[in-house]
Amino acid sequence: AQSVTQPDIHITVSEGASLELRCNYSYGATPYLFWYVQSPGQGLQLLLKYFSGDTLVQGIKGFEAEFKRSQSSFNLRKPSVHWSDAAEYFCAVISNFGNEKLTFGTGTRLTIIP
Amino acid sequence: GAGVSQSPSNKVTEKGKDVELRCDPISGHTALYWYRQRLGQGLEFLIYFQGNSAPDKSGLPSDRFSAERTGESVSTLTIQRTQQEDSAVYLCASRFPPGADYYGYTFGSGTRLTVV
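Residue numbers (the numbering used here), protein chains in the order written: chain L, 1 to 114; chain P, 1 to 116.
These aren't lab readings, by the way, just hints derived from the structure by calculation. Errors might be hidden in some of the hints.
What the hints assert, rightly or not - With the C-beta cut set under 7 Å, the calculated list includes, among others, these residues of chain P facing chain L:
#1 Q41
#2 G108
#3 S109
As the list claims (entries may be wrong) - Beta-carbon label-pair distances, calculated as ranges:
#4 G71/P / A17/L: 42 to 52 Å
#5 I113/L / G51/P: 39 to 49 Å
#6 R64/P / L56/L: 44 to 54 Å
#7 P55/P / W83/L: 39 to 49 Å
#8 D54/L / F96/P: 18 to 28 Å
#9 S27/P / P114/L: 40 to 50 Å
#10 R109/L / P61/P: 21 to 31 Å
#11 E14/P / E66/L: 44 to 54 Å
#12 R81/P / D54/L: 47 to 57 Å
#13 T5/L / T114/P: 21 to 31 Å
#14 R64/P / R77/L: 38 to 48 Å
#15 P8/P / S72/L: 35 to 45 Å
As the list claims (entries may be wrong) - A short list of chain L residues far from chain P (calculated; beta carbon distances all over 12 Å):
#16 I11
#17 E15
#18 S73
#19 D85
#20 T111
#21 I112
#22 I113
#23 P114
All of these numbers come straight from a predicted model, not from anything done at the bench. Beta carbons: idealized from backbone N, C-alpha and C, even for Gly.
Could you put together the complete structure from these sequences and hints?
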């Protein structure tokens, strides 16, 4: 079965520092991968997605992610974080192409310090 | 409406009581999903609706959980005889039919259920 692993439960970075959130997937074929952000009391917002083509994808809010098939990874990056980036981040994969349901990782909580 | 609406936003119930959670999807979104998010965990898939049929109920954790949908509109998730382990945030998402638009998942803000 398809699965997604986010190894880091909680990450703390200083405002202005760079960020990388890790995501590893288990899927036999080319996966359809997503990153979502969840702010407190909010629904999930799509940051970016990868289906095919260029392995470096750009998203909203200055985020990008790189698909690396050899490492089964889809890590999220941002060159300089802002205090408003503090939130929970979820990596997800489409696990069933009949109903296209998403399988989510357990999330990484990002804390920003001044 | 402009987004997926869920109600109530918060619900506190006594163990053993039944609860109903409501989801109003975006108009035209024929596909609807329910997920559960326990504290500190990712989202667990519960059920998928296409129109008013539910071809995938594989995530419902027990027969205390059921859901229905009226046409391509409102969906209700019912939990009978609630238990403390049911405490979680229940999220609803809607989208156009599978295959139509991979950008199209829109999530509601969720219902936070606390069973005391």
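Hint-by-hint comparison with the structure:
1. A hinted interface residue such as Q41/P counts as satisfied when its beta carbon comes closer than 7 Å to some beta carbon of chain L; here the least separation is about 6 Å, so the hint holds.
2. Hint status for G108/P: holds, given a least beta-carbon distance of 5 Å to chain L, under 7 Å.
3. The interface hint given for S109/P holds, since its Cβ lies 5 Å from the closest Cβ of chain L, which is under the 7 Å cut-off.
4. Distance hint for G71/P and A17/L: a CB-CB separation of about 50 Å, consistent with the stated range 42 to 52 Å.
5. Taking 39 to 49 Å as the suggested C-beta distance range, the pair I113/L and G51/P conforms, at roughly 48 Å.
6. Taken as a hint, the range 44 to 54 Å holds for the pair R64/P and L56/L, whose Cβ atoms sit roughly 45 Å apart.
7. Distance hint for P55/P and W83/L: a CB-CB separation of about 43 Å, consistent with the stated range 39 to 49 Å.
8. Checked against the given bound of 18 to 28 Å, the beta carbons of D54/L and F96/P, roughly 25 Å apart, stay inside it.
9. Taken as a hint, the range 40 to 50 Å holds for the pair S27/P and P114/L, whose Cβ atoms sit roughly 43 Å apart.
10. At about 25 Å, the CB distance of R109/L to P61/P agrees with the hint of 21 to 31 Å.
11. A C-beta distance of roughly 49 Å is found between E14/P and E66/L, which places it inside the suggested range of 44 to 54 Å.
12. Between R81/P and D54/L, the C-beta spacing of about 51 Å keeps the proposed range 47 to 57 Å intact.
13. Remark: the range hint 21 to 31 Å for T5/L to T114/P is upheld by a beta-carbon distance near 29 Å.
14. Distance hint check for R64/P and R77/L: the Cβ-Cβ separation is about 42 Å, which falls inside the suggested range of 38 to 48 Å.
15. Our hint of 35 to 45 Å for P8/P and S72/L holds, since their Cβ atoms are close to 40 Å apart.
16. Non-interface call for I11/L relative to chain P: holds, since the shortest CB-CB distance, roughly 15 Å, exceeds 12 Å.
17. Even its closest Cβ contact with chain P, about 25 Å, leaves E15/L beyond 12 Å, as expected for a residue assigned away from the interface.
18. Even its closest Cβ contact with chain P, about 17 Å, leaves S73/L beyond 12 Å, as expected for a residue assigned away from the interface.
19. Once the 12 Å rule is applied to beta carbons, D85/L is consistent with being away from chain P; the minimum gap is 19 Å.
20. Here T111/L stays apart from chain P, with its beta-carbon at least about 15 Å from theirs, past the 12 Å limit.
21. I112/L, annotated as away from the interface, keeps every beta carbon of chain P farther than 12 Å; the closest lies near 20 Å.
22. At roughly 21 Å from the closest C-beta of chain P, the C-beta of I113/L stays outside 12 Å, upholding its exclusion from the interface.
23. Every Cβ of chain P is farther than 12 Å from the Cβ of P114/L; the closest lies at roughly 25 Å, confirming the non-interface assignment.
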